[in-house]
Amino acid sequence: MMSPHDFASRIRRAGLILLLPLLTFGTAHATDSPQPESSLKAALVYKIMAYVTWPDTAFSPDDEDRFNVCGYGENPLEGALTSLATRQAAGRQIALYELNGEEPAAQHCHLLFVDDVEDVAQALELIRDQPTLTISDAEAFAHGGGMIEIRKKRNRFGFLINRNAALEADLMIAAPLLELSTVVGGDR
Amino acid sequence: MRIFALRSQPLTAALLGTLMCAAVQAQGKTGPEDFFDLPLEDLLSIEVSSVSRKNEALGDTAAATFVVTGDSIRQRGITTIAEALRGVPGVHVGRINASQWAISIRGFSGRYTNKLLVLVDGRSVYVPSFSGVYWDELDTLLDDVDRIEVIRGPGGTLWGPNAVNGVINIITRNAAETQGSLLVAGAGNQERAGGSIRYGAQLGDRTFGRIYAKYTEHEGFENLLTSRDTDENWDNARLGFRVDSEPSDRDTWTIQGDSYEIGGLQQEGLIRTSTFLNDFEAQGTNLLTRWTRTLDERESFSIQAYFDHIKREESFIKQRHNTFDLDFQHRRPLGSRQELLWGLSARHVRDDIKSNGQLTVLPGKRSVSHYGAFVQSELSLSDNARMIIGSKFDRNAFSGFEYQPNLRMIWQPTDRHTLWGSVARAVRTPSRAEEDGRFILTPPLNAIVGSRELEAEDLMTVEFGYRFTGSNGLSLDVTAYYNEYENLIGTELLLPPSRPPLLDLSFKNNLKGQSNGIEAALSWQVMSRWRLSGNYTYVDLDVEPADGGVSGTTFSGLQFGTAPHQLTIDSDLTLTDHWFLHVRGQYVDELPESNAPGADVPDILQPGSYTGLDTSLTWRRNESLEVLLSGKNLLGSRFEYLGETFTPASDIGRMVYLQLRMRWQ
Chain R
1328 MMSPHDFASR IRRAGLILLL PLLTFGTAHA TDSPQPESSL KAALVYKIMA
1378 YVTWPDTAFS PDDEDRFNVC GYGENPLEGA LTSLATRQAA GRQIALYELN
1428 GEEPAAQHCH LLFVDDVEDV AQALELIRDQ PTLTISDAEA FAHGGGMIEI
1478 RKKRNRFGFL INRNAALEAD LMIAAPLLEL STVVGGDR
Chain Y
0 MRIFALRSQP LTAALLGTLM CAAVQAQGKT GPEDFFDLPL EDLLSIEVSS
50 VSRKNEALGD TAAATFVVTG DSIRQRGITT IAEALRGVPG VHVGRINASQ
100 WAISIRGFSG RYTNKLLVLV DGRSVYVPSF SGVYWDELDT LLDDVDRIEV
150 IRGPGGTLWG PNAVNGVINI ITRNAAETQG SLLVAGAGNQ ERAGGSIRYG
200 AQLGDRTFGR IYAKYTEHEG FENLLTSRDT DENWDNARLG FRVDSEPSDR
250 DTWTIQGDSY EIGGLQQEGL IRTSTFLNDF EAQGTNLLTR WTRTLDERES
300 FSIQAYFDHI KREESFIKQR HNTFDLDFQH RRPLGSRQEL LWGLSARHVR
350 DDIKSNGQLT VLPGKRSVSH YGAFVQSELS LSDNARMIIG SKFDRNAFSG
400 FEYQPNLRMI WQPTDRHTLW GSVARAVRTP SRAEEDGRFI LTPPLNAIVG
450 SRELEAEDLM TVEFGYRFTG SNGLSLDVTA YYNEYENLIG TELLLPPSRP
500 PLLDLSFKNN LKGQSNGIEA ALSWQVMSRW RLSGNYTYVD LDVEPADGGV
550 SGTTFSGLQF GTAPHQLTID SDLTLTDHWF LHVRGQYVDE LPESNAPGAD
600 VPDILQPGSY TGLDTSLTWR RNESLEVLLS GKNLLGSRFE YLGETFTPAS
650 DIGRMVYLQL RMRWQ
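Protein sequence lines correspond, in order, to chains R and Y. Quick note: the first sequence, position 131, residue 1458 per the numbering used here, numbers continuous. Quick note: the second sequence, position 22, residue 21 per the numbering used here, numbers continuous.
Just so you know, these hints were derived from the structure itself, not from any lab. Nothing here was measured: the structure is a model prediction, and the numbers come from that model. Just so it is clear, CB atoms sit at the ideal spot from N, CA and C, and this is done for glycine as well. There's no promise every hint is true.
[Unchecked claim] Cβ-Cβ distance ranges computed for the label pairs, FRET-style:
(1) R/D1446 x Y/R249: 25 to 33 Å
(2) R/A1422 x Y/V525: 27 to 35 Å
(3) Y/L202 x R/N1491: 31 to 39 Å
(4) R/R1455 x Y/E40: 28 to 36 Å
(5) R/G1418 x Y/R297: 22 to 30 Å
(6) Y/S623 x R/N1491: 51 to 59 Å
(7) R/A1448 x Y/E40: 30 to 38 Å
[Unchecked claim] If you want a taste of the chain R side facing chain Y, the calculated C-beta under 8 Å gives, among others:
(8) S1366
(9) L1367
(10) A1370
(11) L1371
(12) K1374
(13) F1386
(14) R1483
(15) F1484
(16) G1485
(17) L1498
(18) A1502
(19) P1503
(20) E1506
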């Protein structure tokens, strides 16, 4: 049987021999989407839903009714929102829809995510006066009448919440979420 | 806990990030599913840059690591850095008395644990005179601590000498994250009073700053043998500041400093049964600045400089150290599959050590310089395998040239499973006292005499780890290692003796040792409001004379070593939106018997096993007001560790602490 000492000596030598040639490799690699940043944002969107109460009027009496999450923009969160499709919100299965700015939504959106590259005002116009929770990572979204803005500050995500905008839409945002967020007044 | 995985911060975490993260940049594995099961608070505390940079399933590091978050320190009512390390896998914490701890990773516990490197925001607090850490001087405003990263195993490749069995990085928050005012006040039976105040403000367009002041007062415990109060105490006062700025999108700049004064009374004496109450006092001042430039996602460099002054006076020794340290590091890609990290460092230490006879250090003043360079490469072998290889090369004043290579491999067969392995060498350089000291002993011994002939102690380690991250909030992290130590410093008879018939001993590299161990950590988010976590540590360390023990007496410097078995279970429960409850149960095995001569202590001075129960209850009215009541050691008093020099045994009793925390803008 090899003594522990021999074992260590061998490893020592092996380590040194391996050291040099391996410093010089290099080839190509592929990347994938979505970026983790988008994945994290999608998870935040999902987490937020648990803290929000929609009015009864937001759902039809039909138990089969889905919870509709609408994405506004070409490819919101690089497709990371699609991972919500297997989840539930407000006790209902989530259904995903894409909105473009041309026509109003064919169905009620319980949640609207506005991609940061899009025209925020135009997006909000689509769900005006409806009990729709609006979330975006667009800058100045909360100040511009949106409800929850996901923003990056010092390398971490945080929320800016326009509580008045939510109240006007009959949505209740629970205190624990407000405590984790910065609450701002909106001009809407 | 793993999700806080090692974010980028220059020199500590940036280095760490690359070391650990074996990153799987090639894979883009992180999907929303990885985040869905985490609590919202945890999601908000993930640093975006590191997630993006690593682009991997969270926590996929090629090393044995554990992170103590600032939040957990706060919610568990912990008031010292030493106590924050209790219950961390692989770490042994034994409290000696009011102000002293024996803390180690993977064995060799002692008040002067010398095989463990401790850094605060990139500044080493390893004291070169004794090769250890004065835990009583190590403190900061704990609310400003972002996290404590505990890396088990050799870290010499990145951190240089003395990171033998592990590295502890204490990382404070960026000043931008500590804006506004904070007041923390507390009182208890052992920590009599504690108060901290911090004020953070925006100083410019992209510049933030904070200042803090802190004061604590601790009482001693009962003497284990006499059951009388030791009358020891420990006061700690400090103030400090930190300024962080981003002068441009690609530059960050930090300047920070602390100044402290601690002191108190401690029982001391050559014979443990006959001790006297003596003063101790220490002052320290440090100033650090760091500049980091990010050239692009994969390339950055940083320069760090610090000055550290400490002055410590105890009855048996007075010492003063001034340290100047300069570090440079550069991270850059080498082709698309490889990343290179390299750096240079220089350190200059001037000391002045005066003694009263029990310990003499000659020459009393000495100036030493150390220089180092390291290079490390991280390479994608395939879509799910990576390799990290590198070495540090140092020239130090105590043992000359040292090399500390490391090879790490990481393989992720699927998103949820990670396997890694590592082979590394690390060294512990002789201390100033081991080279130049003369310790007076009790008859029949006369003294232990230092030697300039000493070489560095060295370690070869083989480690393997497995990590599993489940979809249901369950995660498991297991590490097994084998360590082989050579050139451990012991003593042998010095002939002829200077005062016959008393015997003199001299320090000598005449010991060797092996250890193996397992660390396992399990974390389970039972429900969104309840997290259960637990860990188990096993270490089996054996130290013996290198030549069979015929050359004279050996004195290993290790007293009782580390508890072979430790088990910790934590429950973190959010009772309602305003109430949090933490409960910890811990079992710590008895310490192995000392193999040091003259330390043949009676059974009653042999720390036995114990089971401990700690709990803390927090009422959080809102963001601005919080009240916490904590009880530590609730199952009764225990004897945790016998200090190796001059101190009597303390019976560590129950501790109750009430704390109020207020924040405002």
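Checked hints:
{"no.": "1", "hint": "R/D1446 x Y/R249: 25 to 33 Å", "verdict": "holds, 30 Å"}
{"no.": "2", "hint": "R/A1422 x Y/V525: 27 to 35 Å", "verdict": "holds, 30 Å"}
{"no.": "3", "hint": "Y/L202 x R/N1491: 31 to 39 Å", "verdict": "holds, 32 Å"}
{"no.": "4", "hint": "R/R1455 x Y/E40: 28 to 36 Å", "verdict": "holds, 33 Å"}
{"no.": "5", "hint": "R/G1418 x Y/R297: 22 to 30 Å", "verdict": "violated, 45 Å"}
{"no.": "6", "hint": "Y/S623 x R/N1491: 51 to 59 Å", "verdict": "violated, 22 Å"}
{"no.": "7", "hint": "R/A1448 x Y/E40: 30 to 38 Å", "verdict": "holds, 32 Å"}
{"no.": "8", "hint": "S1366", "verdict": "holds, 4 Å"}
{"no.": "9", "hint": "L1367", "verdict": "holds, 6 Å"}
{"no.": "10", "hint": "A1370", "verdict": "holds, 3 Å"}
{"no.": "11", "hint": "L1371", "verdict": "holds, 6 Å"}
{"no.": "12", "hint": "K1374", "verdict": "holds, 4 Å"}
{"no.": "13", "hint": "F1386", "verdict": "violated, 23 Å"}
{"no.": "14", "hint": "R1483", "verdict": "holds, 6 Å"}
{"no.": "15", "hint": "F1484", "verdict": "holds, 6 Å"}
{"no.": "16", "hint": "G1485", "verdict": "holds, 6 Å"}
{"no.": "17", "hint": "L1498", "verdict": "violated, 18 Å"}
{"no.": "18", "hint": "A1502", "verdict": "holds, 6 Å"}
{"no.": "19", "hint": "P1503", "verdict": "holds, 5 Å"}
{"no.": "20", "hint": "E1506", "verdict": "holds, 6 Å"}
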